[in-house]
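Q: UniProt numbering numbers the first residue of the sequence shown as 1 and each following residue consecutively.
FYI, nobody ran anything at the bench for these hints, they're computed from the structure.
Incorrect hints may appear among the rest.
Said to hold, decoys possible - Keeping only pairs whose Cα atoms sit at most 27 Å apart, straight-line, the calculated DSS-like set for lysine-lysine is: (1) Lys-317 with Lys-359; (2) Lys-90 with Lys-317; (3) Lys-258 with Lys-317; (4) Lys-137 with Lys-253; (5) Lys-253 with Lys-317; (6) Lys-258 with Lys-137; (7) Lys-317 with Lys-137.
The structure presented is a predicted model; accordingly, all values stated were derived computationally and were not measured.
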Amino acid sequence: MSSPQPAGTHQWTATELSLLFAFSSALKCRTGPLDIVFVIDSSRSVRPFEFETMRRFMMDIISNLELGPNATRVGVIQYSSQVQNIFSLKTFFTRADMERAINSIIPLAQGTMTGLAIQYTMNVAFTTQEGARPLHKRVPRIAIVVTDGRPQDRVTEVATQARNAGIEIYAVGIQRADMNSLRAMASPPLEEHVFLVESFELIQQFAKQFQDKLCGVDMCVDREHGCQHTCISTPGSFYCECNPGYRLNVDGKTCSRKKPFYYLNFHREFVVMGVSYSPAAIDACADGRHGCQHHCVSVQGSYSCRCRPGYYLSQNKRSCTMIDYCSFGNHSCQHECVSIPNGHYCRCRSGFTLQPDSKSCRGSEAVRGWRAGCGWGSTLAAVGMDVCVLRDMAQKMQQL
């Protein structure tokens, strides 16, 4: 194993990059679809050659994945003091489109708000609105956080929330990354999810662990799965699905015929209590039992819930949660940021007035005078007289 490079002197060699490419090629053996989001640190501490390493790292992995709406979906976000979505899980399904978007990334070059980035990944990037498959499909949700430094916000709590929401987090450090921070955000077991990429040996280790995770055996072929109808492989596991018209029983393997309030006749019409209807005539929202918080949309005898603009659909597929635009960190409000549907606005503390730029705040004359130790003065301050002058005049009159 080569000796560690002094800080700031390590450069990736052509040999290392070619071996990294070989590693990413092995990912083709993966079984089952995946939802992968790259969370890339582009803070000011990331040197240009390090960011190019991250860029190449993403493209080499993507170039050898089986991409598609029914295969692996990929999203990319970058972060510093704010979070920027490069493309979501639903945006691109071809390697060429993804590579063009990755090559066009301009680093933000600000702070290192890793916790904010993980929160965005959980609340926005891995929602069905952004292209993530529904949780009941059991498509693994994988976040790969690539960073070079120590976060300037809290990551432990938000990373725990993300993991509890079903997101598997890989933490990849570049050169000077803080190992404690990487361990705080990664999924267990840590030895399989935390990597410090500063030499070929560690890249090779990361390659093996990642390959083992994504390229496990096909459990539907190599194991006695017991599914009554269909077995679906996922990395290192499997799940059972039932044919149309059947539902999965609580044992997760056997299927029972559904008992709908309608059925299809020979003419593919819905028959409800002896009366035939075309599919478009069945309003599945009409009975009021859908439970949608905002909108119910009837589709071919079934329904789906949708949210009003500025909200995203929760994991229960019925309730809606307002998007917290202030949490993105780009509001620039001097005092307080208040989230509202479809945006945010700035608010000043008591005694201050919002300025025409809708971001900065200015205190009243009385407030500024009081802060200077001059007292509240007189209402004449409202027409431009200095409250300190009023105080001095009052003191002189008392001496006469």
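Q: So which of those numbered hints doesn't the model satisfy?
A: Hint 1 is the one this structure does not satisfy, whereas the remaining hints hold.
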